[in-house]
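Sequence positions in the sequence shown follow mature numbering (1 follows the signal peptide of the UniProt record, and there is no 0) and run -25 to -1, 1 to 290.
These aren't lab readings, by the way, just hints derived from the structure by calculation. Quick caveat, the model's predicted, so the values are computed rather than measured. Ideal Cβ positions, reconstructed from N, Cα and C, are used throughout, including at glycine. Mixed in with the good hints, there may be bad ones.
[Stated by the list, open to error] Below, in silico cross-link-like pairs of lysine-lysine (DSSO-like), each with a Cα-Cα straight-line distance of 30 angstroms or less: (1) LYS191 with LYS212; (2) LYS189 with LYS149; (3) LYS189 with LYS213; (4) LYS213 with LYS191.
[Stated by the list, open to error] Quick list of simulated restraints, FRET-style, between CB atoms: (5) GLN37 with ASN166: 26 to 34 angstroms; (6) ASP209 with ARG139: 13 to 21 angstroms; (7) ASN210 with SER79: 36 to 44 angstroms; (8) GLU207 with THR45: 18 to 26 angstroms; (9) ARG155 with LYS212: 38 to 46 angstroms.
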Amino acid sequence: MRTAIRFLLAGIICFSGLLYSNKSASQQVSATVSFSVFHDNLQSYGRWRAHPKYGDVWIYGQAGFTPYSTDGHWVYSQYGWTWVSDYPWGWATFHYGRWAYEPSYGWFWVPGSEWAPAWVSWRTGGDYYGWAPLGPGLSINVGVNSIPANRWVFMPRRYITDPRPNRYYVSNTKNVTIIRNTTIINNTNVNRVSNRNVTFNSGPRREDVERDTKVKVNVMNVNNSSRPGKVEIDNSKKTVNIYKPDIDEKTVNKKVVRNESNDNDKPDIDNENRKPVVKKQQENKPRPKPQVKPKPQPKPKPKPDDRPGKSRKEK
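Construct all of the structure, not just a fragment, from the sequences and the given hints.
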């Protein structure tokens, strides 16, 4: 009897230890980290620079580099179409924050706190699929002219799942014509990612791509890797291992425009709806009466004896 009780107690202790171990591992994977994880891991691959509007931004600086175009490809996951970058820093810059372009900076990355399979807008029409980086503050449901034409990447639909899609990109000189014959894909989803609800565009529907490519599209499972680095794909297990920590929003530069806000499509100042500001100190003061200046009186005409230049003796 005592032996049975001992075995039972030992089993309870082992089971409790296993539960604690799994709980600790889960907490470690979903632990919140600060903005410094971006700064520390990206500084050796590019340079950080202060931007007057967005705060600290990161610049890769490679000639010919275009985000979501150079050195990477698309896979379909539980979140939708997910960009898998070949760069060791791609875990950060293609899944958090936004990309923007300015002549004096080139392409630069604005950090953010929310994870997504890709922060892009999608188009489809004719024989093409297209995508473009969403700039800082742009809503997921962008308008027709929200993104410049030369920012879009187009390719024939049948090659969207190719591991080397850059072989099939259409020259951006044709973008204006293609955009006229395509429409925005508004396949937005709200998913629970890293302990928060995130809204993003999942891209073309899986069944549509299977019809276009005539190939079955496997659903890859995105797993949270334990450390930063290059995204790893295991086709045999249908997994994508990527470092996607929960970023503490309070530590991200306050100048950065929030990704989830739809109000950022509005101009910074709405001049049409602004009301004049009246200071309270002046509201109760009576208006001063306008001062009336007296009319100038006409000068009297000089008498004949008072002609200038004539002395009294001459009179």
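Against the structure, the hints:
| no. | hint | result |
| --- | --- | --- |
| 1 | LYS191 with LYS212 | 16 angstroms, holds |
| 2 | LYS189 with LYS149 | 26 angstroms, holds |
| 3 | LYS189 with LYS213 | 20 angstroms, holds |
| 4 | LYS213 with LYS191 | 13 angstroms, holds |
| 5 | GLN37 with ASN166: 26 to 34 angstroms | 31 angstroms, holds |
| 6 | ASP209 with ARG139: 13 to 21 angstroms | 19 angstroms, holds |
| 7 | ASN210 with SER79: 36 to 44 angstroms | 42 angstroms, holds |
| 8 | GLU207 with THR45: 18 to 26 angstroms | 19 angstroms, holds |
| 9 | ARG155 with LYS212: 38 to 46 angstroms | 43 angstroms, holds |
In terms of the numbered hints stated before, the structure departs from none.
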